[in-house]
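These protein sequence lines are chains A and B, in that order.
To convert, take the position in the first sequence, counting from 1, and add 744; that gives this note's numbering.
To convert, take the position in the second sequence, counting from 1, and add 744; that gives this note's numbering.
A couple of the hints might just be wrong.
Copies of the same chain look alike in the list, so a pair counts if it works inside one copy or between any two.
Claimed, not checked - Below, simulated PhoX-like cross-link-like pairs (lysine-lysine); rule was C-alpha separation at most 25 Å, straight line:
{"no.": "1", "residue 1": "Lys823", "residue 2": "Lys811"}
{"no.": "2", "residue 1": "Lys845", "residue 2": "Lys860"}
{"no.": "3", "residue 1": "Lys860", "residue 2": "Lys823"}
{"no.": "4", "residue 1": "Lys754", "residue 2": "Lys845"}
{"no.": "5", "residue 1": "Lys811", "residue 2": "Lys860"}
{"no.": "6", "residue 1": "Lys823", "residue 2": "Lys754"}
{"no.": "7", "residue 1": "Lys811", "residue 2": "Lys845"}
FYI, nobody ran anything at the bench for these hints, they're computed from the structure.
If you're wondering where the values come from, they're calculated on a predicted model, not measured in any experiment.
2 protein chains.
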Amino acid sequence: MTKQRNIILKPIGVIHNDVEDSRDASFDWSPVISNIELDERYTLYTHGIDQHSHLLILFWMDRPEKKQLQPLVYPRGDKSLGKAGLFATRSPHRPNPVGLKLAELIEVHGNVLIVKGLDALNNTPVIDIKPYLPGYDSPI
Amino acid sequence: MTKQRNIILKPIGVIHNDVEDSRDASFDWSPVISNIELDERYTLYTHGIDQHSHLLILFWMDRPEKKQLQPLVYPRGDKSLGKAGLFATRSPHRPNPVGLKLAELIEVHGNVLIVKGLDALNNTPVIDIKPYLPGYDSPI
C-alpha cells in the first residue's frame, strides 16, 4: 500500500441535544431531537435542504472512552452473537471515529438544522451534512 | 458556536479501480468494481464482514479540481433545476470532502474487499468501512 498522509478536517458546526453521557446499546435514540448549529459562514449552504426529508449527518465521535482499538468486538455489545471484526460493526471505537447517522429533518432556521434520531452526544463536532437520496443511498 | 479544533484522520487503506480521471455527472459508476486494499494491520478487522451484502464506504475525495467553495451549486451539474445550497447536494467540493457511498460487497480476501458501485477514483484514500444495516441506515 502506498504511504498515506494524514487528513485534516475542520468541524463545520456542533450538535446540541440533551444527551450528555455515553449510552449503552439499548438506549433508544429515535425520539432524540438535536439542533445542528453550523458555523454562520455556512448559512447559505443549507438553501433548499428542506426539500429532503432525511439527512446523513457525519460527525466526530470525540467521546468514546479512551481505550485501545480492538480488532474484534461484540456487535452492539451483544455477547450472544460472538465477536465480529470492527469494520463489520458500528462500534464508535474505530481507527477514524467518524459517526454516520440518517436523521429526519424537522425544521431549518438558517444555519440551524433541527433533526430527529441523530445518535450523537451533546456538543459533538459536525463534519458534513449530506441529503439522503433514496436511489443512491439504499440498495437497488 | 464554540471554537472547534482540527480533526486528524489517518487513511486505513486505498481504493483500486480503473477509473483514473474525474467523470461528469452522467458517468455510470454502478458496474465499476473496486478493490479496497486496507492496511495489513486491519486484516482481522474485516472478520465476518461477508455477512453483510452492502457496505458504506467513507473515503477522502482528494482530487476534485482545486476551486473555491461555492455555497450554491447545481445538483448533479443539472442546470435545469436551479442552484441549491452545497449541503443540499452531494457535490464533492465540500468544506470536508468526505465521500460516502453504499457499495455491494462481492468478495473478501483478508485485508482486500472487492465491491461494486463505489464512485471513487483509483488511488482514493479510505477513511472507514461500515456495514449497511437496513433498519438503521434507511428511513423507517
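Quick check: which numbered hints come out false for this structure?
-> 3, 5, 6
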